[in-house]
Amino acid sequence: MQQETVLEVRQLSKRFLGVKALDKVDLEVKRGEVHSVIGENGAGKSTMMNLILGDLHRDEGTIILKGEEVHFKSPADAIAAGISMIHQEISLIPTLTVAENIWLHREDRFMKGFLIDTKSRLEETRQLLKDKLNIDINPNELVSNLTVAQCQLVELARAVSCDSDIIIMDEPTSSLSDKEVNILFDVIRALKAEGTAIIFITHKIEELLGICDRVSVYRDGHYIGTRDCKDTTRDELIHMIIGRELTEQYPVIESKKGGVVLEVKNLCGADYSDISFDVKAGEIIGFSGLVGAGRSEIMRGIFGIDPVLSGEIYLDGKRVSIHSPKDAVKLGMAMVTEDRRDYGIVKTASVKDNMSLAALSGFCSKIGIIKRDKENEAVSEMIKSMTVKAANKEMLITSLSGGNQQKAIIGRWLMTAPKVLILDEPTRGIDVGAKSEIYSIIGNLAKQGMAIILVSSEMPEILGMSDRIFVVRNGKIVVECAKEEATQELLGKHALG
Amino acid sequence: MNKNKKKMDSEKLVQILMDNKALVILVIFVLVVCCLTNDFFSSRNLTNILRQICTSCVLSLGFTLVLSSGMIDLSVGYMLGMIGIATAMMSVSGVSAPVVILAALVIGGFCGFLNAFITSMFNLAPFIVTLAMGMVYQGINLLLCHAKSIAGLPDWYLFFGTGKILGIPFPVIVMITLVVVMAVVVQRTKFGRYALAVGGNKKAARVCGIPTTKIMYSVYIITGVCVGMSALLLTGRTASAQTTAGAGMELDAVAAVVIGGTPMEGGKANVFGTLIGCLLIQVISNSLNLLGVDSNWQKIAKGLVIIVAIILDQQGSRLLDKIRVRKVAQEA
Chain A
1 MQQETVLEVR
11 QLSKRFLGVK
21 ALDKVDLEVK
31 RGEVHSVIGE
41 NGAGKSTMMN
51 LILGDLHRDE
61 GTIILKGEEV
71 HFKSPADAIA
81 AGISMIHQEI
91 SLIPTLTVAE
101 NIWLHREDRF
111 MKGFLIDTKS
121 RLEETRQLLK
131 DKLNIDINPN
141 ELVSNLTVAQ
151 CQLVELARAV
161 SCDSDIIIMD
171 EPTSSLSDKE
181 VNILFDVIRA
191 LKAEGTAIIF
201 ITHKIEELLG
211 ICDRVSVYRD
221 GHYIGTRDCK
231 DTTRDELIHM
241 IIGRELTEQY
251 PVIESKKGGV
261 VLEVKNLCGA
271 DYSDISFDVK
281 AGEIIGFSGL
291 VGAGRSEIMR
301 GIFGIDPVLS
311 GEIYLDGKRV
321 SIHSPKDAVK
331 LGMAMVTEDR
341 RDYGIVKTAS
351 VKDNMSLAAL
361 SGFCSKIGII
371 KRDKENEAVS
381 EMIKSMTVKA
391 ANKEMLITSL
401 SGGNQQKAII
411 GRWLMTAPKV
421 LILDEPTRGI
431 DVGAKSEIYS
441 IIGNLAKQGM
451 AIILVSSEMP
461 EILGMSDRIF
471 VVRNGKIVVE
481 CAKEEATQEL
491 LGKHALG
Chain B
1001 MNKNKKKMDS
1011 EKLVQILMDN
1021 KALVILVIFV
1031 LVVCCLTNDF
1041 FSSRNLTNIL
1051 RQICTSCVLS
1061 LGFTLVLSSG
1071 MIDLSVGYML
1081 GMIGIATAMM
1091 SVSGVSAPVV
1101 ILAALVIGGF
1111 CGFLNAFITS
1121 MFNLAPFIVT
1131 LAMGMVYQGI
1141 NLLLCHAKSI
1151 AGLPDWYLFF
1161 GTGKILGIPF
1171 PVIVMITLVV
1181 VMAVVVQRTK
1191 FGRYALAVGG
1201 NKKAARVCGI
1211 PTTKIMYSVY
1221 IITGVCVGMS
1231 ALLLTGRTAS
1241 AQTTAGAGME
1251 LDAVAAVVIG
1261 GTPMEGGKAN
1271 VFGTLIGCLL
1281 IQVISNSLNL
1291 LGVDSNWQKI
1301 AKGLVIIVAI
1311 ILDQQGSRLL
1321 DKIRVRKVAQ
1331 EA
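Residue numbers (the numbering used here), protein chains in the order written: chain A, 1 to 497; chain B, 1001 to 1332.
Just to be clear, a hint being listed does not mean it is correct.
[As the list claims (entries may be wrong)] Derived Cβ-Cβ restraints for the label pairs, each shown as a range: (1) 60(A) - 1027(B): 41 to 47 Å; (2) 1013(B) - 189(A): 55 to 61 Å; (3) 1142(B) - 112(A): 51 to 57 Å; (4) 478(A) - 1106(B): 56 to 62 Å; (5) 136(A) - 1142(B): 58 to 64 Å; (6) 1106(B) - 399(A): 40 to 46 Å.
If you are wondering where the hints come from, they were derived from the structure by calculation, not from laboratory data.
The structure displayed is predicted, hence computed values, not measured ones.
We treat Cβ as the ideally placed atom computed from N, Cα and C, and that holds for glycine.
Build the full structure now, drawing on both the sequences and the hints.
And the structure:
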């Protein structure tokens, strides 16, 4: 079937003050297709989208929309011409309601004189959410009361409400659980049937093979090629993305299991109850489940970030009480949190200051003066062993890529020489290369005898890394299984219930 | 290779200028003033300037710590006035010097503790809490001295304002000592690093095991102690305590600290810059005085210079980014 080309990008180039971010890249999207754009962080995907939307100005090249060359000056022009985008970072205003957010800046259609007819806006929003998208969100709810996943769905609704010819989705599934991913995919299929083209930016290859028609690969600002999804394989795409074969993504971990290090008994908190599990030295246990099932909340409770209601925690057989992260750190625990920007990096501080923060007491004299030689030496060593790519450890941590920031944060905790390491979504938003580096680091730590708790929404990651797997649903552990008996189907079945 | 080296130098140069922008503006300003008047470089004038900034500088040191920890303290102005009046009354009624000095620092520390306590206990915004506490202190000032100034201070008290040790004014010695101490605290101690981390990202700092509430109390208490010290210096210099003393000084402190290179958003501190910032603000008033400019115009000039300083800061950062990007491009 010959489909009409709706968007064509030819030989697009962009320099940022001398650095070539995009070098003559192409993209062709047809009406009614789901076209995936894939590549490592820094491959130029976001730059290309920003050029298409008019957020940035191109140096060379042409963009042809529905047969006409276009020059958008701002995203508002692009939306008017029929291109809208769902950003990875949520761009909703938390103090407004769902309905207000969806129609923000497009209130004209509800105007009655100088006033907005809120009733008809509400009605239209309800129709949009319930009937068209089958999303169960109250249009009158304040956005600040929604979960991250619900916000993402509201963004989706907003993009759909624009009646665009093309919708760009930047990693739309990164914070969605499987159930919400299914809602998203249903919406995508419906849009496709109506003839809307969708550009789907993602890191997850399995996902795109399931939903997309064609895939275009980019690497280091170059266009590598386009494939039909039904003719290509995962391995071919990985090869195209990183330019080399990725033989073994998950390392073989042969660690000796020791005694139980951490034991949790009947832990209850605001979002979970009756949580009991243990983890041995040298063991990696995985926590699987849907986003919002309560996995992160359990870990935050154990680590003292949020208060727990009841339950017992034993460390090396001794009962301990943890009221704040300070207590947990003192007891030899460490936690890489899910939200790197809010709970991980200190963005005003250097790489060095960020990495030494948790272990700083160890580098201080009795009266609290920092011994700088000792600190510098320890940080340099950790940068090396974690392969953090930083030109200089005095640089701001925000100048590093996401993957390197994450390695720096893991390094921060390793400097405290913890007995127990909790990793909450350690590879979210990180490219393929950095991912496999982090996996091998985790493997090495287990070999050295660390007890590791891995929380992840990516089932292959859980299956590939863990010795034992716990599935959490609605704040309860519903099943525990050994690595050998676990399969995607089993985990998925228990996660959904 | 040679060219590369030159580029690196220009990056370093801009970085140095950026880190010391208050100093750069100060030097330029002084050069201009020198061309216009001969009186500026008289030793009497210079000593005068130095003595005048001691109060605001000691106050601003505390403010540097508060701002870089991501908080604010708008109560410091009236707090200063209150401590001045309280200690003046004590000393006039014959309380001994060590007790009065200790009282000044303890009252300051306690006021800081109150700010921290109210803020953290009821989880309120420091901005509004400290603003309100400032009003409370203003009221106390008026109640204490019924709109009359308290004069007749003993000699030891006047020493805080006008005394000299080895020919150096005593308040200048206090100021320089405190600048050094504060610089060490902020840059070299665990407490300083923790305070900056709390200012940069409070949630992340807490996850790292930093006792964020304890840090907050310490920051406010230290600020209060600085205010206490500042009150002694000011009251000693003016030889009397007045209800209006200290009014508006919190905003001068904000200006001095920000011009000095400590951002309003927290996470970074430049203690030496704060000293230069205070110096700059004082030099502006002083030189305009020498030039015979009307005091109302002086205020306008002061405001404009602050704006220029902040614009330069922003433009300088951009320039630095450009140079860095070009450097990376050349290497690649």
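Right, here's what the structure says about each hint:
no.	hint	verdict
1	60(A) - 1027(B): 41 to 47 Å	holds, 45 Å
2	1013(B) - 189(A): 55 to 61 Å	holds, 59 Å
3	1142(B) - 112(A): 51 to 57 Å	holds, 54 Å
4	478(A) - 1106(B): 56 to 62 Å	holds, 59 Å
5	136(A) - 1142(B): 58 to 64 Å	holds, 60 Å
6	1106(B) - 399(A): 40 to 46 Å	holds, 45 Å
The structure meets every hint from the earlier list without exception.
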